Amino acid sequence: MSTAISVEHLKYTYPGVDEGADVSVFEDLDLTIEDGSFTAILGPNGCGKSTLAKHFNGILLPSGGCVYIYNMDSKDEEKLMNIRRTVGMVFQNPDNQIVANVVEEDVAFGPENLGVSSPEIRRRVDRALKQVGMYEYREHAPHLLSGGQKQRIAIAGVIAMQPKCIVLDEPTAMLDPRGRREVMETIQNLNRDKGITVVLITHHMDEAALADRVVVLTGGEVVADGTPKEVFSQVDKMHSIGLAAPETVELCSELNKVGFCLPLDKLDPVECAQTLYDFLKV
Amino acid sequence: MLKDITLGQYFPGKSAIHRLDPRTKLVILVLYIIALFMAVSWVSYGVMFLFLAVSVAISGVPLKSFVKGLKPLLFILVFTAILNIFFTAGETVLVSFLGATITLEGLVRAFFMLTRILMLVTGTFLLTYTTSPIALTDGLESLLGPLKKLRLPVHELSMMMCIALRFIPTLIEETDKIMSAQKARGVDFESGKLMQRVRALIPILVPLFISAFRRADELATAMECRCYQGGDGRTKMKLLRYKLLDFKAYGVGIITLTAVLVLRSFGL
Numbered sequence: 029m030s031t032a033i034s035v036e037h038l039k040y041t042y043p044g045v046d047e048g049a050d051v052s053v054f055e056d057l058d059l060t061i062e063d064g065s066f067t068a069i070l071g072p073n074g075c076g077k078s079t080l081a082k083h084f085n086g087i088l089l090p091s092g093g094c095v096y097i098y099n100m101d102s103k104d105e106e107k108l109m110n111i112r113r114t115v116g117m118v119f120q121n122p123d124n125q126i127v128a129n130v131v132e133e134d135v136a137f138g139p140e141n142l143g144v145s146s147p148e149i150r151r152r153v154d155r156a157l158k159q160v161g162m163y164e165y166r167e168h169a170p171h172l173l174s175g176g177q178k179q180r181i182a183i184a185g186v187i188a189m190q191p192k193c194i195v196l197d198e199p200t201a202m203l204d205p206r207g208r209r210e211v212m213e214t215i216q217n218l219n220r221d222k223g224i225t226v227v228l229i230t231h232h233m234d235e236a237a238l239a240d241r242v243v244v245l246t247g248g249e250v251v252a253d254g255t256p257k258e259v260f261s262q263v264d265k266m267h268s269i270g271l272a273a274p275e276t277v278e279l280c281s282e283l284n285k286v287g288f289c290l291p292l293d294k295l296d297p298v299e300c301a302q303t304l305y306d307f308l309k310v
Numbered sequence: 202m203l204k205d206i207t208l209g210q211y212f213p214g215k216s217a218i219h220r221l222d223p224r225t226k227l228v229i230l231v232l233y234i235i236a237l238f239m240a241v242s243w244v245s246y247g248v249m250f251l252f253l254a255v256s257v258a259i260s261g262v263p264l265k266s267f268v269k270g271l272k273p274l275l276f277i278l279v280f281t282a283i284l285n286i287f288f289t290a291g292e293t294v295l296v297s298f299l300g301a302t303i304t305l306e307g308l309v310r311a312f313f314m315l316t317r318i319l320m321l322v323t324g325t326f327l328l329t330y331t332t333s334p335i336a337l338t339d340g341l342e343s344l345l346g347p348l349k350k351l352r353l354p355v356h357e358l359s360m361m362m363c364i365a366l367r368f369i370p371t372l373i374e375e376t377d378k379i380m381s382a383q384k385a386r387g388v389d390f391e392s393g394k395l396m397q398r399v400r401a402l403i404p405i406l407v408p409l410f411i412s413a414f415r416r417a418d419e420l421a422t423a424m425e426c427r428c429y430q431g432g433d434g435r436t437k438m439k440l441l442r443y444k445l446l447d448f449k450a451y452g453v454g455i456i457t458l459t460a461v462l463v464l465r466s467f468g469l
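Chains as they are written, first to last, in the working numbering: chain H, 29 to 310; chain V, 202 to 469.
Since the hints were made in silico from the structure, they are not lab data. Since the structure is predicted, the reported quantities are computational estimates derived from the model, not experimental observations. All C-beta atoms in this analysis are idealised placements derived from N, C-alpha and C, irrespective of residue type, glycine included. Careful, some of the hints might be misleading.
[Unchecked claim] Straight-line C-alpha distance at most 27 Å; calculated DSS-like pairs for lysine-lysine: (1) H:158 / V:350; (2) H:257 / H:222; (3) V:437 / H:192; (4) H:192 / H:285; (5) H:39 / H:107; (6) H:192 / V:384; (7) V:378 / H:158; (8) H:222 / H:82; (9) V:439 / H:158; (10) V:215 / H:222; (11) H:107 / V:437.
[Stated by the list, open to error] If we take Cβ atoms under 8 Å as the criterion, some of the chain H residues that face chain V in the derived model are: (12) 107; (13) 121; (14) 141; (15) 146; (16) 151; (17) 153; (18) 173; (19) 175; (20) 281.
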């Protein structure tokens, strides 16, 4: 597999209000995201998740080290537009990323900026809206839609630019459970069916559990990296950095404390129930 | 209460008025406003009223929404009416009391003035109700296009208008939320002297502004992420193209204006 995003020795400091009061977020961070993968980046508040995401398409530039996006250096100003069309970004608040008053016009905003021809924009907009399941809402006003629907519009707006990779910065943080489910399904479909690389920044364990790979970030450093099963079975480590494992793992871990002997890699409730059933039957 | 503000709200639809090119609608609206100010008699007002009524009927926009939109203007309407009723010199005195007189001329004039304002506003509403703000700003951008040669930032202006319109409902909702939050903490917006009420608005305005700035910042980042870099090299999904319908509409608009002008030359 080729590399989508490669972060090498990333150092980043936010300029402080006073001189010498700069806030350092990353000292020396290395991370590689494979093309076509679905990676979740987890971490407690203030661990630098969003700051990292903003490095993935050149919104923030490293203070030291390099970020390569499909072999393009994010510091290369001439490549900036190319980087941004390759890596799409979806933010937390859907209201603050929708530009237009009609759904389809908003989805068209990106391709319009790229100078795509009108018939091609039309095709891309229709395709993108169908992909997120919002085609029948194409002529609606965004402010009348639910949070989950708005967020799907925002995702459609990004995929209409035909990016190779989408970075989603806590896209479900402001949504109700139903909206969250809609958005997560959309993201999974994009990754599975279209082969789009997905980087999902989240603090919901159950969302991270859907990814191929989980990267846990805390204090600007990667503290765990692996498949969801590998990462979440380290329950004590998760607790020590202020995160909880998915509920199924927490349950098994608690039971183990009172003498059970259960595996900690069951992330799916049905799977977990089956394990418990098998265990109790013996 | 804040939800009643319908200004700048678009009602999606498929009527002939909806399908007109935004440029056509804008030009016709200008013609219509000129005609309104040229109208001097019952006959010409009748013509204008007919034009408006037919347009509204074709648009299929519920009358209710026009009435709603007009509500905030009630004060101006009443004020205009009173001024015109009492301060128009005339001969046919109808009522006279306490040194004030109401003349027939005054009443007629007040009626015309009111009709003019009402029709003006209704016509403008018809435009914003039937035209998506993006189409509207596209239309404006295209009509004002020649001004780009004079280095006027036409694209930037239309983008700003578009975003402003987009955020009206969002900010209204936000204001509602802030007001509820402040009410819950005992702020009284409804009673007290004028100064007290004005002061009570500060705890609404401060958070509203802060949030608006934060939104603007996030929106700017989101727009940058979507490769926005100004009007140069930008294409449009919907190209503005005149159709047969537009020429028909122009015809009707010009005929109406001409009719009013002809009537005026006959003193009607």
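A quick look at each hint next to the structure:
1. For the hint linking residue 158 (chain H) to residue 350 (chain V), the alpha-carbon distance of about 40 Å lies beyond 27 Å, and the restraint is violated.
2. Taking the CA atoms of residue 257 (chain H) and residue 222 (chain H), the gap is about 25 Å. The hint holds against a cut of 27 Å.
3. Of the pairs offered as hints, the one joining residue 437 (chain V) and residue 192 (chain H) holds, with about 23 Å between alpha carbons and a cut-off of 27 Å not exceeded.
4. Between residue 192 (chain H) and residue 285 (chain H) the alpha-carbon distance is near 45 Å, which puts this suggested pair outside the 27 Å criterion.
5. At most 27 Å may separate the alpha-carbon atoms for a hinted pair to count; residue 39 (chain H) and residue 107 (chain H) meet this at roughly 21 Å.
6. Restraint check: the Cα-Cα separation between residue 192 (chain H) and residue 384 (chain V) comes to about 48 Å, which exceeds 27 Å; the hinted pair is violated.
7. Pair hint residue 378 (chain V) plus residue 158 (chain H) does not hold up; C-alpha atoms about 34 Å apart against a cutoff of 27 Å.
8. Using a Cα cut-off of 27 Å, the hinted pair residue 222 (chain H) and residue 82 (chain H) holds, with the two alpha carbons roughly 23 Å apart.
9. Distance restraint check for residue 439 (chain V) and residue 158 (chain H): the Cα-Cα separation of roughly 19 Å lies within the 27 Å cut-off, and the hinted pair is therefore satisfied.
10. Of the pairs offered as hints, the one joining residue 215 (chain V) and residue 222 (chain H) is violated, with about 34 Å between alpha carbons and a cut-off of 27 Å exceeded.
11. For the suggested pair residue 107 (chain H) and residue 437 (chain V), the alpha carbons sit about 24 Å apart, so the restraint of at most 27 Å is met.
12. Proximity of residue 107 (chain H) to chain V is violated relative to the hint, the smallest CB-CB distance being about 12 Å (cut-off 8 Å).
13. About 6 Å separates the beta-carbon of residue 121 (chain H) from the nearest beta-carbon of chain V, less than 8 Å, and the hint is met.
14. About 4 Å separates the beta-carbon of residue 141 (chain H) from the nearest beta-carbon of chain V, less than 8 Å, and the hint is met.
15. At about 5 Å, the closest approach between the beta carbon of residue 146 (chain H) and any beta carbon in chain V falls short of 8 Å, and the interface hint on this residue holds.
16. A hinted interface residue such as residue 151 (chain H) counts as satisfied when its beta carbon comes closer than 8 Å to some beta carbon of chain V; here the least separation is about 10 Å, so the hint is violated.
17. For residue 153 (chain H), the interface hint holds, the least distance from its beta-carbon to any beta-carbon of chain V being 6 Å, beneath 8 Å.
18. Against a cut-off of 8 Å between C-beta atoms, the interface hint on residue 173 (chain H) is violated, since the closest Cβ of chain V lies about 12 Å away.
19. Contact between residue 175 (chain H) and chain V, as hinted, is not supported at the beta carbon level, the nearest pair being about 13 Å apart and thus beyond 8 Å.
20. Against a cut-off of 8 Å between C-beta atoms, the interface hint on residue 281 (chain H) is violated, since the closest Cβ of chain V lies about 38 Å away.
Hint compliance for this structure: hints 1, 4, 6, 7, 10, 12, 16, 18, 19 and 20 are not met, and every other hint is.
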